[in-house]
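Protein chains: 2
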Amino acid sequence: MPQTDAPRSAFDAATAVTSTDGGGLTARLDPGWDVGPGILNGGYLLAVVARAALTASPHAHPVALAASFLRATPPGPATLTLTPGPAGRTLAHSSVLLAGAEGPSLAVQVTTATLTDEPPVYSAAIPPDATPVADCLPPVDDGALPHPLPEVGLRTRVHTRLDPVTAGWARGRPGGEPYLRGWVRLADGREPDPLALLLFADVLPPTSWATGRFGWAPTVQLQVLVRALPAPGWCLVEARANEVAGGWLDEDYRIWDSTGRLVAQSRQLARLPR
Amino acid sequence: MPQTDAPRSAFDAATAVTSTDGGGLTARLDPGWDVGPGILNGGYLLAVVARAALTASPHAHPVALAASFLRATPPGPATLTLTPGPAGRTLAHSSVLLAGAEGPSLAVQVTTATLTDEPPVYSAAIPPDATPVADCLPPVDDGALPHPLPEVGLRTRVHTRLDPVTAGWARGRPGGEPYLRGWVRLADGREPDPLALLLFADVLPPTSWATGRFGWAPTVQLQVLVRALPAPGWCLVEARANEVAGGWLDEDYRIWDSTGRLVAQSRQLARLPR
Chain A
1290 MPQTDAPRSA FDAATAVTST DGGGLTARLD PGWDVGPGIL NGGYLLAVVA RAALTASPHA
1350 HPVALAASFL RATPPGPATL TLTPGPAGRT LAHSSVLLAG AEGPSLAVQV TTATLTDEPP
1410 VYSAAIPPDA TPVADCLPPV DDGALPHPLP EVGLRTRVHT RLDPVTAGWA RGRPGGEPYL
1470 RGWVRLADGR EPDPLALLLF ADVLPPTSWA TGRFGWAPTV QLQVLVRALP APGWCLVEAR
1530 ANEVAGGWLD EDYRIWDSTG RLVAQSRQLA RLPR
Chain B
1290 MPQTDAPRSA FDAATAVTST DGGGLTARLD PGWDVGPGIL NGGYLLAVVA RAALTASPHA
1350 HPVALAASFL RATPPGPATL TLTPGPAGRT LAHSSVLLAG AEGPSLAVQV TTATLTDEPP
1410 VYSAAIPPDA TPVADCLPPV DDGALPHPLP EVGLRTRVHT RLDPVTAGWA RGRPGGEPYL
1470 RGWVRLADGR EPDPLALLLF ADVLPPTSWA TGRFGWAPTV QLQVLVRALP APGWCLVEAR
1530 ANEVAGGWLD EDYRIWDSTG RLVAQSRQLA RLPR
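These protein sequence lines map, in sequence, to chains A and B. For any residue, its number in my numbering is found by taking its place in the first sequence, counting from 1, and adding 1289. For any residue, its number in my numbering is found by taking its place in the second sequence, counting from 1, and adding 1289.
Think of the hints as simulated: they come from the structure by calculation, not from any bench. As the structure is a prediction and not an experimental result, all values here were calculated from the model. Beta carbons are placed, not taken as given, at the ideal position from N, Cα and C, and that holds for glycine. Fair warning: there could be bad hints in the mix.
Rough simulated footprint, nothing fancy, chain B against chain A, three-plus residues with beta-carbon under 8 Å [what the hints assert, rightly or not]:
#1 1304-1310
#2 1330-1341
#3 1449-1462
#4 1526-1536
Only some residues are given here: those of chain B computed to face chain A with a beta carbon under 7 Å [to be verified]:
#5 Ser-1412
#6 His-1436
#7 Glu-1440
#8 Asn-1531
#9 Leu-1551
Pulled out of the complex, with its shape left as it was, chain A reads as follows (with noise of 0.2 Å):
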């Protein structure tokens, strides 16, 4: 149980859906959570949608969420239109509309349900070989590197310790896989549950990266699955494209947490960076 004492997190905080008196939900998008001027992270925007979502469940936990990006969303006011769908002992479903100021940008089909930590019973996603964390690239800009990650709102929020085995691009030096991996955890302590997963399976930078194309890469349809509790520390997240044709990529996440256990996965559908 949290300390009632213990100084609110700053993830919580900019998660955070209000009811209002005419039984609808609001949100306040933080600008801080941003990739790019005005452009808020898809995964952040899900962890207040999945929110609103479980405002009407009778589950504690997002176990898939299937997000289409029909604009961009604006920090500020938004209002959350939850439908709620079919619920059991199981698992419920809801739909919920996001909009910000410029009208509807997000709609998501959502699924909770209660999540264990309960071993598996099959896995065939084990963790790949990563640099340990201290190892990795430095959380913030110290002026070694060519091109080190921008310092966006986003990486404030969320440390993020890339794998230079993954990272010749950051020193100059792109490689030929659309292949990402590295270390994260939030910035304001808070250890990591299936909220901040589904912030998690959109937090790196694109995959085109890795291969020295650095523009953004709109994210078109994302889905998330939440597969267990992640235990506390560092989550291991690993981001890779699959086929890159006709203006379009995926991208594949994997997430573990800090046993090594999967945790998370997601795939989403992506416009190529210009």
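Following the hints, complete the assembly by docking chain B onto the known chain A.
Frame of chain A, contents of chain B only:
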């Protein structure tokens, strides 16, 4: 162009949607596309939903569908409620709610666009070294197998030739890996297109069958990405579960056309067979 005197494909007929006078859309769900008594195949339903989305899109093809399976959809009359989203030169978004006799059963986020067969600029999705079609399992039960594919409607609509390398279970020798692959094509002779790929994205038995667990694994949420226009001929379909835990499993599909080109990917979260 199809010849105007060609007999209509059974798949096209079974997935047709009709505009009503009131501006709505209806379909007549064909009981022949079942995977068990009264249970229609999820991929078949997605093809119907995609046709509904295309009626209001400036684009020709489904490229991303994400569906929440709210409850089983019975055969018979169904309505499709289409909510168009933003539409542009590159892509269009919409939401479709499918309702059968028992109420809303499938809530889907759809993205449409116009696909090509231009070669990929990057691909890491190399097709597996599958057994040639002629040496695969027989398409119908010839009495030689202790556990053949059940003769459900879907198998008479889709020719399914399982690779014996992944079908030890059919011979009474299940393996340890939840992995299946096989060749598929429409029984009506119609060549594959993006709508058929939606069908193929959920066409194999549950991957748990490979390990000797023969129950039904109900889909909770399914995302399908269509990546290119498929060439004529057989498609190779591969399904793999990565993690089975807490009563949940994921199933990842990859589909290649007859030239070995990756043409679709899907991922579903399902409940474990009892």
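Evaluated hints:
Under a criterion of three residues with beta carbons nearer than 8 Å to beta carbons of chain B, the stated coverage of the region 1304-1310 of chain A fails, only 0 such residues being counted. Three residues within the 8 Å Cβ limit are the bar, and the region 1330-1341 of chain A against chain B gives 0, so the coverage statement is violated. Residues of the region 1449-1462 of chain A with a Cβ under 8 Å from some Cβ of chain B number 0, which does not satisfy the need for three, so the listed coverage is violated. Under a criterion of three residues with beta carbons nearer than 8 Å to beta carbons of chain B, the stated coverage of the region 1526-1536 of chain A is upheld, 8 such residues being counted.
A cut of 7 Å between beta carbons decides the hint on B/Ser-1412: the least distance to chain A is about 5 Å, and the hint holds. For B/His-1436, the interface hint is violated, the least distance from its beta-carbon to any beta-carbon of chain A being 20 Å, above 7 Å. Of the supplied interface hints, the one on B/Glu-1440 is violated, with its beta-carbon coming no nearer than about 29 Å to a beta-carbon of chain A, more than 7 Å. Hint status for B/Asn-1531 relative to chain A: holds, with the closest Cβ pair at about 5 Å, below 7 Å.
At a threshold of 7 Å, the smallest CB-CB gap from B/Leu-1551 to chain A is about 5 Å, leaving the interface hint in force.
When held up to the earlier numbered hints, the structure conflicts with 1, 2, 3, 6 and 7 and fits the remainder.
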